[in-house]
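Given the coordinates of chain A, assemble chain B onto it according to the supplied hints.
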Amino acid sequence: EPEVTQTPSHQVTQMGQEVILRCVPISNHLYFYWYRQILGQKVEFLVSFYNNEISEKSEIFDDQFSVERPDGSNFTLKIRSTKLEDSAMYFCASGSGGETQYFGPGTRLLVL
Amino acid sequence: AQSVTQPDIHITVSEGASLELRCNYSYGATPYLFWYVQSPGQGLQLLLKYFSGDTLVQGIKGFEAEFKRSQSSFNLRKPSVHWSDAAEYFCAVGVPNTGKLIFGQGTTLQVKP
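Residue numbers (this note's numbering), protein chains in the order written: chain A, 1 to 112; chain B, 1 to 113.
If you are wondering where the hints come from, they were derived from the structure by calculation, not from laboratory data.
Cβ coordinates follow ideal geometry from the N, Cα and C atoms, glycine included.
Keep in mind that a hint or two might mislead.
[What the hints assert, rightly or not] Computed cross-link-like contacts, DSS-like style, restricted to lysine-lysine with a CA-CA straight-line distance of at most 25 Å:
id, chain 1, residue 1, chain 2, residue 2
1, B, LYS61, A, LYS57
2, A, LYS57, A, LYS42
3, A, LYS57, A, LYS83
4, A, LYS42, A, LYS78
5, A, LYS42, A, LYS83
6, B, LYS61, B, LYS49
7, B, LYS49, A, LYS42
8, A, LYS78, A, LYS57
9, B, LYS68, A, LYS57
[As the list claims (entries may be wrong)] Far from chain A, some chain B residues (derived; all Cβ distances over 10 Å):
id, residue
10, TYR27
11, GLY41
12, LYS49
13, LEU56
14, GLY62
15, ARG69
16, GLN71
17, ASP85
18, ALA87
19, GLY99
20, LEU101
21, ILE102
22, GLY104
23, GLN110
24, VAL111
So that you can see chain A by itself, here it is in the shape it has in the complex (with noise of 0.2 Å):
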């Protein structure tokens, strides 16, 4: 069965970096999104994906956060400037239209 699957899983990253997750999403799919949930609290949704644009994002996702798909299987998240509140677990999501997403297993981001 086709998943979406993220790297790394984990990544420690000092305040002030940048660092890019990547995600695989299931290969036919054409919508994409990222969530993220900060530990204790809900998943958040951060930013659609579709056609090459974003579709619709969330007031969490600000001028630090871009997506790319760079090339026909990668979907990316960068955070330009990372800081200790953007500590939280990031799931990559990926759909075919119909409202139904599938998830990632997440990559957990841990800004010192």
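For chain B alone, kept in the frame of chain A given last:
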């Protein structure tokens, strides 16, 4: 604004007992509703979904959920819990045409032998 409430943060049931996890939502129109499960170290796995039609939906692993519009609820049930069902369960509402899922806080299920 749309929101999802899972009133029970933690539930413990005995193996073989029945299970009901509560979910209440706030949404102006008929929502798209989902239940996801997250085992330790794993991603969010889709258990079941409701878009329209029959209000009782069947999912994987023997789970079912019932949409009750009058109560704004979408409770998850399983008649007989297995030890492997111990995990965290998330209810979510989908906002149509945005791709946005709004999640509840999650309910952690512990299964006693």
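Quiz item: Which of the numbered hints are not met once you compare them with the structure shown?
Solution: 1, 9, 11, 12, 19, 20, 21, 22
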